[in-house]
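If you're matching them up, the sequences are chains A and B in order. FYI, this note's numbering numbers position 44 of the first sequence as 44, with every residue one higher than the one before it. Numbering-wise, this note's numbering comes out as the position in the second sequence, counting from 1, plus 60.
Just so you know, the hints here were simulated from the structure itself, not pulled from any lab data. Certain hints may be false.
Said to hold, decoys possible - Computed, partial: chain A to chain B, Cβ under 7 Å:
no., residue
1, N12
2, K16
3, Y38
4, A39
5, I49
6, I51
7, I53
What the hints assert, rightly or not - Output of the computed footprint for chain B on chain A, the stretches with three or more beta carbons under 8 Å from beta carbons of chain B:
no., region
8, 24-36
9, 42-48
Note that this is a predicted model, so its numbers are computed, not measured. Glycine included, every Cβ here is placed at the ideal spot set by N, Cα and C.
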Amino acid sequence: MAGLSNGVKMINQILKKIKEITIIIIKGILGIAAEIGYALAIMLMAFFICILITSFYPVR
Amino acid sequence: MLLKPQIKDIRIVSYYLGKIIIGLSLCLTLPLVLALSNQEINPAYDLALSFLVGLIIGLILISVFKTDEDLNWMQGMSLVGLSWLVAMFLGAIPLFLSGHWKSYLDACFDAMSGFATTGLALVQDLDHLSVSCNFWRHLMMFIGGQGIVIVALSFFVKGFSGAFKMYVGEARDERILPNVIHTSRFIWLVSITYLILGTTALGAVGMLNGMKPFNAFFHGACVFMAAFDTGGFSPQSQNILYYHSLLYEVVTVVIMILGAINFKLHYHIWMGNRKEIFKNIETITFFITIMIAFFITAIGLSQAGIYPKAVVLFRKGFYQLISGHTGTGYQTIYAAQFKNEWSHLAMFGIICAMALGGAVCSTTGAIKMLRIGIFFKALLEDIKRIISPEISMVTQKFHHIKEIFLEDKQVRSALLITLLYLLLYILGAIVGMVLGNPFLNSLFESTSAAANVGLSCGITNVNMPTLLKLTYIFQMWAGRLEFMSIFVLMGFFVAAFKGK
Numbered sequence: 001m002a003g004l005s006n007g008v009k010m011i012n013q014i015l016k017k018i019k020e021i022t023i024i025i026i027k028g029i030l031g032i033a034a035e036i037g038y039a040l041a042i043m044l045m046a047f048f049i050c051i052l053i054t055s056f057y058p059v060r
Numbered sequence: 061m062l063l064k065p066q067i068k069d070i071r072i073v074s075y076y077l078g079k080i081i082i083g084l085s086l087c088l089t090l091p092l093v094l095a096l097s098n099q100e101i102n103p104a105y106d107l108a109l110s111f112l113v114g115l116i117i118g119l120i121l122i123s124v125f126k127t128d129e130d131l132n133w134m135q136g137m138s139l140v141g142l143s144w145l146v147a148m149f150l151g152a153i154p155l156f157l158s159g160h161w162k163s164y165l166d167a168c169f170d171a172m173s174g175f176a177t178t179g180l181a182l183v184q185d186l187d188h189l190s191v192s193c194n195f196w197r198h199l200m201m202f203i204g205g206q207g208i209v210i211v212a213l214s215f216f217v218k219g220f221s222g223a224f225k226m227y228v229g230e231a232r233d234e235r236i237l238p239n240v241i242h243t244s245r246f247i248w249l250v251s252i253t254y255l256i257l258g259t260t261a262l263g264a265v266g267m268l269n270g271m272k273p274f275n276a277f278f279h280g281a282c283v284f285m286a287a288f289d290t291g292g293f294s295p296q297s298q299n300i301l302y303y304h305s306l307l308y309e310v311v312t313v314v315i316m317i318l319g320a321i322n323f324k325l326h327y328h329i330w331m332g333n334r335k336e337i338f339k340n341i342e343t344i345t346f347f348i349t350i351m352i353a354f355f356i357t358a359i360g361l362s363q364a365g366i367y368p369k370a371v372v373l374f375r376k377g378f379y380q381l382i383s384g385h386t387g388t389g390y391q392t393i394y395a396a397q398f399k400n401e402w403s404h405l406a407m408f409g410i411i412c413a414m415a416l417g418g419a420v421c422s423t424t425g426a427i428k429m430l431r432i433g434i435f436f437k438a439l440l441e442d443i444k445r446i447i448s449p450e451i452s453m454v455t456q457k458f459h460h461i462k463e464i465f466l467e468d469k470q471v472r473s474a475l476l477i478t479l480l481y482l483l484l485y486i487l488g489a490i491v492g493m494v495l496g497n498p499f500l501n502s503l504f505e506s507t508s509a510a511a512n513v514g515l516s517c518g519i520t521n522v523n524m525p526t527l528l529k530l531t532y533i534f535q536m537w538a539g540r541l542e543f544m545s546i547f548v549l550m551g552f553f554v555a556a557f558k559g560k
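Excised from the complex, chain B in its bound form (with noise of 0.2 Å):
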């Protein structure tokens, strides 16, 4: 039996939504900061006028439904799925009035998929479009990597227990530290470490390439959100094309993989235990399952003659799978050449790649090395089980940070999981094969869509239709969150009509 929600659920959901969309409105005050001192007039009229809407929002919000009681489950997960859509329309606005998307959807979609770390676009002009502007769209990235909540939790809120129901709601099923807003510090720790070391290294590449020290370390800074937090946005059109740096594409190629490292191994590496990258059955899996769709790719690509000698192979190919395995969606090709020099087989390749995505905990998205790792211990255990004695007792175990014995609550809930995320590629490709695309086309962009990677063949477009555009940012949206805030938030909804 549904219950319908009281008001008392309303009042707090809205009240910490008020909170989640004043932290998001002050986030605007970096690129607010940025236009003003890059004297770019009319983007700080845009950027002002969204932090005051978001501002005045929030406030309203926190001081009409003002209440000390803490989240429950429900509350929580749905104020997670909600949070993200007010951040999409609230992070759209400063785009729209830059007049660079054609309409405020289209600056939706786009918001989505930055604050979703897809990196799929449909910005007009980029390459004219101001530095704020721009800067905003990468901190978006930066923001929906760490997780929006996660935004929040670290720096408006003191502490509370409903937090932890929050950072489940944002697809993090794993806490660090026993504090889980210490947890959330902790992953900032990273981000922030990794931001300097990033941009410096991306900055002195740009400086040997001939950029100006300024352009430089502010390309570096866009690349590096949108590299480690696993997103693909570029402040050029051309993507890491524009480059055109063998030893830029290295660094980006490390930046993906350290994005797509569990934040959890992060801090074990970071404390010493540093044999536990070789134990782990993330980083294992990661390994394999990479050189295995590589080698599928590869020999696509060789199937297809466009890249025959081993150099040019490496840095096509290998490029365009890590960047889809990590989630990241950075190209060195144009989208056109998916379609009409890559091999059917190549594209595949990079499909599964797309699909597997990078570890849990991360800033990744699709269906993640755990789970996959996780199914091949239930496969072995169920193959020693058939070959072993009938009395004898199998159990099998798996290394991620401890031994864990494997249970089938584990496989049910990654099976689970799987099948959503299979179910959401195929979603996606059936509407994009209604619209008039072929399959391996309209796979590839739902599959990038859905695992919030952002690698494209063409088919997203600004003159895409509108079904697709919204099919999209449903499929960004609900990959990110990894489906079980969102179907509480429609359960919220159908129990506040049909609940008694």
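Next comes chain A alone, as it looks inside the complex (with noise of 0.2 Å):
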């Protein structure tokens, strides 16, 4: 009975840490998913520069 008990809790603490993990890694890819948004936002914006530019100066 003692050794499923401590079986139910060594899973248990895996389960946790798997959990912990889990977190972790969604955290990151989310962060590297903000980070490749603000790249691509610069771009956008240089884009709309572009087209502002392109549309309003006058090209010799």
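Could you use the hints to bring the two separately framed chains together as a complex?
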């Protein structure tokens, strides 16, 4: 009985650890997505400037 | 009064220098394995010889000068300055032996350009360079981007308090984690994670463009290493223009921007504090300066009338600008196009972007965003002080991971480093002009070298005068280390002769 209880405890600990690691990995993936989003936002804004300038600036 | 360095100082510096040299030599085993697996016999001999030279020198230094003592500030900073010079000499050996560099000085130029993540190159017939030697060029950028000392700290040093002095000497004054060894390991974690993602993305795009799998992923790995570490070396002589792919350009732009972000910010974003990206003084300043510099460049390009369509203006104008601003140096135009086709205003926009750089504690060079942000906050504080009643207490805060009150000490430090960078840009420009180059081109190339960018308008070539090569080497070295460790190293030698 004691062996079974210890086994259950160990499985619980392993599951807890897996949950912690999964949370860290998900946070990391979301973080990477946020950083890539920031880079894409810069590109989008720059493209908007391009449209603005090519529309309004008189090209020689 | 200058104190003459003691034998003890030389012993400690030499001992740790030996460790760093061994660390660098071990890095040479990676291209060596690649050479052997690719059956590149001659490059394998060159790399093996360089590895043995480094290993023997390193072992001699650590056995002759064996010590348990820790580094003090002077020793730590001198060691960093010296390590980068020694790395240049060691890294240049396999390049020179390959026969693709006209002289050992040219090989040293490219080695310093690699380690300092600049990207200016004097290599001859790059398109026929062996795969392993090409890999070594890019690996130098990867090592230099993380910081040569960081490499040693991460893998070859068990932990000592002098580590922080070396860490600061390499122009990284921000600790991400309480322990500097853990900090350097986190820097590697970010870089390796992005290395896997970036190489996969670039490899996939390469294959979509019709490249063979090995070539696509080899190019992907090389381009990633140079883009993330804001270096600028490319496996082909035509640089990124070689790929003729909008998707390739978009992926490299994302990688360049990621490389220009502060590693401390990476840590906080990865730990779940994603809002920091919208609040941090560096990301906000970076966004604003990119837009202003690009606006100037785009107006200049419109004046010249060479890219009348928005998509072309974006592909050509924005790519060179972001490459300059992040300090990467990737080009999708030929060097001669800068001086022959681009207007002066467009070139001025790129020079401004190059001079500013990316975030502190990133792989970029130049003045950096935190300092620019601090200037504007200080200016705001002064304006507020003038318009407020005399008895009122005016304070200014900025957000960098946490709310920080602006102090005079921070403003002074930021101004001092900025002034030194401006002097360095001007120094190279003067040497360029003395040797017969026009002002704007000289300033462009000099800023590119000192800010560790690597964009070139054509001055950097194998036939340029030796004085200019030496000037650019000095600029790359001083610009990468942000002056202090170089001044300390100079002080070390001056004290050796004039000290008491």
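Right, here's what the structure says about each hint:
1. N12: violated (25 Å)
2. K16: violated (19 Å)
3. Y38: holds (5 Å)
4. A39: OK, holds: A39 (chain A) within 7 Å of chain B, min 4 Å.
5. I49: Where the cut-off is 7 Å and the nearest Cβ of chain B is about 6 Å from I49 (chain A), the hint holds.
6. I51: holds (5 Å)
7. I53: Hint holds; I53 (chain A) Cβ to chain B Cβ min 5 Å, cut 7 Å.
8. 24-36: This one holds; 8 residues, not fewer than the three required, reach chain B with a Cβ under 8 Å.
9. 42-48: It holds: at least three residues are needed, and the region 42-48 of chain A offers 5 whose Cβ sits within less than 8 Å of chain B.
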